[in-house]
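Protein chains: 2
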Amino acid sequence: MSTDALHLGILSAATIAHKNVRAILKTPAVEVVAVASKTPDKAETLIKDFGLEGKAKAYGSYEQLLDDPNVHAVYIPLPAGLRPEWVCKAAAKGKHVVGEKPVALSVKETDELVAACKKHGVQYMDGSMWLHNPRTAEMRKVIDSQIGTPRTVITTLSLPVEDIPGFQEASIRCHKHLDGLGALGDLGWYNVAVSLWAFNYDKPIQVQAHIGPKFCDGGTLMRCGANLLWEDGRRASLSLGYDRGLTQYAQVCGTEGVLEWNDYGIPHREDKAEYTVKNAGMFIDLYTKVGQDIETKQVNLEQPQEVHMWENFAKQVLSKMSPH
Amino acid sequence: MSTDALHLGILSAATIAHKNVRAILKTPAVEVVAVASKTPDKAETLIKDFGLEGKAKAYGSYEQLLDDPNVHAVYIPLPAGLRPEWVCKAAAKGKHVVGEKPVALSVKETDELVAACKKHGVQYMDGSMWLHNPRTAEMRKVIDSQIGTPRTVITTLSLPVEDIPGFQEASIRCHKHLDGLGALGDLGWYNVAVSLWAFNYDKPIQVQAHIGPKFCDGGTLMRCGANLLWEDGRRASLSLGYDRGLTQYAQVCGTEGVLEWNDYGIPHREDKAEYTVKNAGMFIDLYTKVGQDIETKQVNLEQPQEVHMWENFAKQVLSKMSPH
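If you're matching them up, the sequences are chains B and F in order. Per full-length UniProt numbering, residue 1 is the first one in the first sequence, and the count goes up by one each step. Per full-length UniProt numbering, residue 1 is the first one in the second sequence, and the count goes up by one each step.
Honestly, the hints are just simulated from the structure, not real lab data. Any given hint could turn out to be false.
[What the hints assert, rightly or not] Calculated cross-link-like contacts (lysine-lysine; reagent style BS3-like; alpha-carbon spacing at most 30 Å):
#	chain 1	residue 1	chain 2	residue 2
1	F	K214	B	K289
2	B	K101	F	K289
3	B	K42	F	K289
4	F	K272	B	K297
5	F	K315	B	K289
6	B	K214	B	K176
7	F	K289	B	K176
8	B	K141	F	K289
9	B	K289	F	K297
Note that the structure is a prediction, hence the values are computed from the model and not measured.
Next comes chain B alone, as it looks inside the complex:
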């Protein structure tokens, strides 16, 4: 075990934890030293599945893990309805935190969670992996230098899960007390994040819900849409739902060009990612053809985007930690 690495504990052995453990094993700067689950078998299975026996301890309660002084930071993939409480408890124990998204189910809870992390001097990061993909940094440059003033962002995010038998019973997104924002918190988190990112995190002045949302029996959103409006007329329109085939389309359109990509949440491939840049364009030859330069660019990825996320988190936290 490297003494320079960030020692990570994981609260819960949810599916998303497996994805992240896989990534962490590819991240030299982070080592999994503990896994806690209320069902101890699940913690042990996770440890065994990834060959972490003798390296990571299994705990039967989250409190026990938070009391382990060998743990520097924790990853908390608990449902959003339960997570803020544990983020605050972890912060109080001096643990840095990566939490899954959405951060919380209300602004109040989010504010409390941020305040707790500030108070105890720990780093909080949400598990939005796309932000750490090297493609995202390249596209940032495209927005800032190639497409003029960005005017609109259009995003769609959809997943064909609504009709899978048992989905409503099994999914945390269909239970108000677990992930009460449903598809909006699960999928819409990305639509909104891409829209804000494209506009450099300026705050919109108005938000409008689309007609035609659908709620499941558990009272959470299965599909919805929204428009965001900024002071200077910039707009974002987003659409998401569990009711249809997989789409992850994003279009950022500026006065002098267009940026498009088709897999903004999770890229089609781990080893390369694409995006398309178009100039302003115009219809030409008596409006019979399109005159527009269209270039699809490829970004080679040496590591999956989640590895980049964990590297960035470790860099942030290790720079804050006193030598141990």
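Dock chain F against chain B, hints included.
Quick look at chain F alone, frame taken from chain B:
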């Protein structure tokens, strides 16, 4: 001059008329026999530009052209604010009509125009060329057989013309009495048409305007968006504007797949057109990758889509006309 061809007169020598004369010259079933312009020079220039001297007569008034018994049908590219009156006059003279879009500026005017055409037994067709592209028929089959139940349609149509000096003064879309629906009539016509087409022309039960529209000094829309909702939760979201780079993106998303194309108004090329079909898809391998079959199909086009439009119009009309 073929005795079997449809004899066409053109009311006004607008730019769009040039596009159509070019197409008609490639359509054996249609012959331009007359052009009328209030500025007679313009009619003569159009005739000369396309080598129609001796074949087509130049008229200095629309009435004169409508009185020409050699004219079977007329193409009316006048602005929407002036057009319905001339459609009705043409119908009264027994002329079949192709009119530009939008059909009219109100439902009332549209109803009157349709009633006039019915009364006088003449065919009316609007100049929406994409409907006649062979790609459209192929995509219809995809929607009907490959993507399950269509759930959503997303369309964007934008053109970077707002900032061109003099645009507002010169464009008929910036003057209420000429094309009073502005960008909504010019661009939105396509967004709405694609949405209705995708859903087999079922009528939506609710329409919602997006926040953030913009009007020009002349009082017409420069940009806007809308949502359409159908009884069973099908939805369309559309966005359009003169304020940004060229986009013509359409996405039809169903329970079992996705249809996408990037040039729904005017294809990138006249000799081939593309569309992409995806199956329902799912995130795979612990949500690290996309598992989705993506196939881009090419349709070879022997003729530009506007030639197909004129062929279809001629076929419709000639089948109604008594032998001459």
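*Quick one, are K214(F) and K289(B) close enough, alpha carbons at most 30 Å?*
With Cα atoms ~28 Å apart, K214(F) and K289(B) stay inside 30 Å; holds.
*Between K289(B) and K297(F), does the CA-CA distance stay at or below 30 Å?*
19 Å, holds
*Compare the distance between the alpha carbons of K141(B) and K289(F) with 30 Å, and conclude whether the hinted pair is satisfied.*
Holds, at about 25 Å.
_Distance restraint between K42(B) and K289(F), which requires alpha-carbon spacing of 30 Å or less_ = Holds. K42(B) to K289(F) sits at ~24 Å (cutoff 30 Å).
*Take a quick look at whether K289(F) and K176(B) sit within 30 Å of each other, Cα to Cα.*
28 Å, holds
*asked:* Does K289(F) sit within 30 Å of K101(B), going by the straight-line distance between their CA atoms?
replied: At roughly 19 Å apart (the allowed maximum being 30 Å), K289(F) and K101(B) satisfy the hint.
*30 Å Cα cutoff - pair K315(F), K289(B)*: 25 Å, holds
*Compare the distance between the alpha carbons of K214(B) and K176(B) with 30 Å, and conclude whether the hinted pair is satisfied.*
Roughly 14 Å separates the two Cα atoms, so the pair holds.
_Distance restraint between K272(F) and K297(B), which requires alpha-carbon spacing of 30 Å or less_ = At roughly 23 Å apart (the allowed maximum being 30 Å), K297(B) and K272(F) satisfy the hint.
Checked against the numbered hints listed earlier, the structure breaks none of them; every hint is satisfied.
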